[in-house]
Amino acid sequence: MPDATGLELIAQGLREAEGESVVTDTLFFRERATLSVEPAHIRAVLAHLRARGYAFLASVHGVDYYPHEPRLGVCYELLDMANVERITVKVRVPSTAPELESVTPDAADGAGWPTANHQEREVYDMFGVVFRGHPDLRRILMPEDYEGHPQRRDFPIGGEPVIFTYNEHEALGSSE
Amino acid sequence: MAAGGVGVEVKRELLVGPVTGTRPGAAAPGGSDLRVRSLNARQLLRGGDLEGPNPSVHLEGSDFERHVEESVMTTTLDKAVAWARSNSFFPATFGLACCAIEMMSIVAARVDVARFGFEAFRASPRQADLLILSGRVSIKMAPIVRRIYDQMLEPKWAISMGACCSSMGVFNNYALVPADKFMPIDVHVPGCPPRPEALMHGVLKLRKMVQDDPDMGWRERYDAQGTEEIVPGA
Amino acid sequence: MSEYRRREQSITLAPFEQQLEDQLEAGGDEPTQELLTLNFGPHHPATHGVLRLLVTLQGEVVRDVKPIIGYVHTGIEKTAEDKSYWKVIPVIERMDYLAYYFNAMAYCSAVETLIDVEVPKRAQYLRVIHMELNRIVSHLVWLGTSALDLGAISMFWYCFREREKILDLFEMSSGQRMHTRYFQIGGVIEDIPRGFAEKLSGFLAEMPSRVDQYGDLLNSNEIVLQRLRGTCPLDAETLLSLGVTGPLLRAAGNPWDLRKAAPYSSYEDFDFKIPVGTQGDNYDRYACRLAEMYESVKIVQQALDGLPEGPHITEDRKVALPPRHELATSMEALIHHFKLVTEGMRVPPGEVYSPVESPRGELGCFVRSDGSSKPARVHMRDPSFVNLQATSPMVKGAYIADMIATLAMLDPILGGIDR
Amino acid sequence: MLRTYLPAIVFLILGGAVGGAFAVLNSVIGPRRATPHKQDPYECGLPSEVKRGLRFGISFYLIAMLFILFDIEVVFLYPIAIELRAYGSFALVETIVFIVLLFVAFAYVWRRGALEWR
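Residue numbers (my numbering), protein chains in the order written: chain A, 26 to 201; chain B, -12 to 221; chain C, 9 to 427; chain D, 109 to 226.
Hints are computed from structural coordinates only; laboratory data are not their basis. Heads up, some of the hints might be wrong.
As the list claims (entries may be wrong) - Partial selection, computed: residues in chain C whose CB lies under 7 angstroms from chain D:
{"hint": "1", "residue": "N47"}
{"hint": "2", "residue": "H51"}
{"hint": "3", "residue": "A54"}
{"hint": "4", "residue": "T64"}
For glycine and all other residues, C-beta sits at the position ideal for the given N, C-alpha and C.
Model the full assembly from the supplied sequences, consistent with the hints where possible.
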């Protein structure tokens, strides 16, 4: 794991390469390094980290920080296989405009990450974060015509009320 | 159902209690569905009466023939056919999730389902007459399960194996549909996943049902009329 | 004109060739109406679960594969947010239903990192024993069903014979065959019973000879060799760019295994080898998994011999239940017990991603806690979900039969994919 | 004349009777319940869009023809193989010629590459 100073060095390198406001926050928690980054520069940051050796994108997943705004977060877990170091790049996107640059395709600014294809589709399906430039952005887990993004914290968990003998009639009655 | 529910028009009505005020075989509410009529017949067989809460058995004329034809298997051909059907089920493999692994292990050596003629697991519904629904049925999968059940051979039965299929089990959330909502299920096997022996028990229970001497449920065995719930303040 | 057309011209008569000419002018380079798009659908014996492949075929050759998943999506991650930390384990175990110990291990190690609790040595060894046995079970079910797809029906019965033995061991230690909920946050729920060690060593003594039997059955079987050798290879770079890990990556020559690269739960105490393939075709994938069974037996043997004494779960009362007999005597134990059982364990806020090497690749569990007694977000990076993306580059241009063999060797578990 | 063919005739009658019985019994006893999707083509549980008039590749027919050709050859060999000693050496020579002829056909087909699928 890059230790705290390593993380600062990486953040410093990023600030020089991409511009001052790119890295909004660095966090070293339980020997794990996390970089919070501006949503607009996500492709550049990943390309920069790839150049530094983090060539394997293990996971892309969404998080919903419900009460705090910007609400929808997307985490990119990067792994440097040579000297076994992991770093997490986190991006926070407001729920009013959940837009993000997709890292899947090989765009103008360098190679993309094909592994993110299905994983970005899952984040879109579950959280509603639209990835611009994604080759095939459709729902992956829910049925195509499903409305709503189930993994958001304000989506009801659904399911059926458990029917016992004493509330059997009104439960069945209601669904007449 | 929550928004974006099952793409299958699902009608669920309370199965009218056996023979409350209607002659057996008449167009009881819930249509002349075979299930309602045979349930009525069984209730009659056990001395349930017709009118009032506990209708008694006074039948004449055509009602009596219908009652006999409904309830008791008289002809030897029926008995032979039922014997043949119940001893040579062709289950359609419907491995959905974890229960499928335990369903596979009833085919393996230790709990060998071939002893009862269940061994020929057919892949296509055209050659299968028993659907073992093993696993969780999601809302995306429900129309497909219903279509497969429709395309199966005609005398068909369905076993819903595991808690997820019978009652959404551990995951009571937006994504699952209990099998009862969109297709008739004959035997529910509890467990998550049920042991192979438990599924075997369910399969044998279905076999007895098809031979039309179903095990007496514990309620019938102790002729309890359903549990009386003491509703506080009701 | 493609070679396929030229070869047919020499056999068939002229008129058909005339039709082809008009077709080619009209429809660009390839005659499109020859292509048939079929659903290799959710209900299919060879898809190892409810995976649907939209396959575009040209005769027997697969031109394009588009996996469509979600047919067993159970909203597990949503359910996990609704349960307290302990109650999430049974829900998580039902994700990748062949590697239930690994799901529990990934989740427990993530929460243990959040709480910063130290798992006692004995618990780590017990976890390794159960995880490696679970890896053998997973590979046995894979081998049984894959050989079934290739036509070697009897392999199914041999593999499930060994599987029953291992499930007896799981039942002995935890009371349940599958989804045992044996791992607890901070260690394991109970110590192994008295007869467990003898039964386990009896099993370990005979298991290698059983795997030799599988090898004798399949390794020199001409049909299996024809079906597997040289079919649908994929090199390590493409696999890495697609995020593939596990036996698929090791079969292509890249020896990446988290048990060696980033040892967790005292894997560094055991010495075992990582089977690595050379070509990365179906035969290497099959051979790698078969060899992994030998290695897992070795690990379990060493873990059993070196099983240290000591507590089977952490002594920290904020995390683990106090032993029952203490409840009668000490008041603090009663209070801890009451707090843990009613409201559940409070976890300091933070986010952790902790990966584990499951039989199908890197299984990472991301847990975010907001300080309450319920996890705010639980996400499982499932290896099969990412490995599935490698099917279309592997299968393009192959026959349908090779696609079935490749799908079998990919070993996708749909519970893990659809979560 | 009837005596010699009696076993064959009895066999035919029995075969026909059992086959017919099963077919008839099936339609008599089996309950009939038309459901909407019963007659739809089965495509792994999904509505199938495969059109009726689908043009199959030529290779399918080719392989089928070759199979029939060489399968009939094997069928002819069975009766000879059973009674080879009774027919004497003439039948042996005859069979060898028969096989060589078909071997020529096999060589031609192999060289023209009809056996590989692509």
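Hints and how they fare:
The beta carbon of N47(C) is positioned within 7 angstroms of a beta carbon in chain D (closest approach about 5 angstroms), and the interface hint is therefore held. Annotation: interface hint on H51(C) holds; nearest CB of chain D at approximately 4 angstroms, less than 7 angstroms. The restraint placing A54(C) at the interface with chain D is violated, with a minimum CB-CB distance near 10 angstroms, outside the 7 angstroms limit. Taken as an interface hint, T64(C) does not check out: its beta carbon lies about 12 angstroms from the nearest beta carbon of chain D, beyond 7 angstroms.
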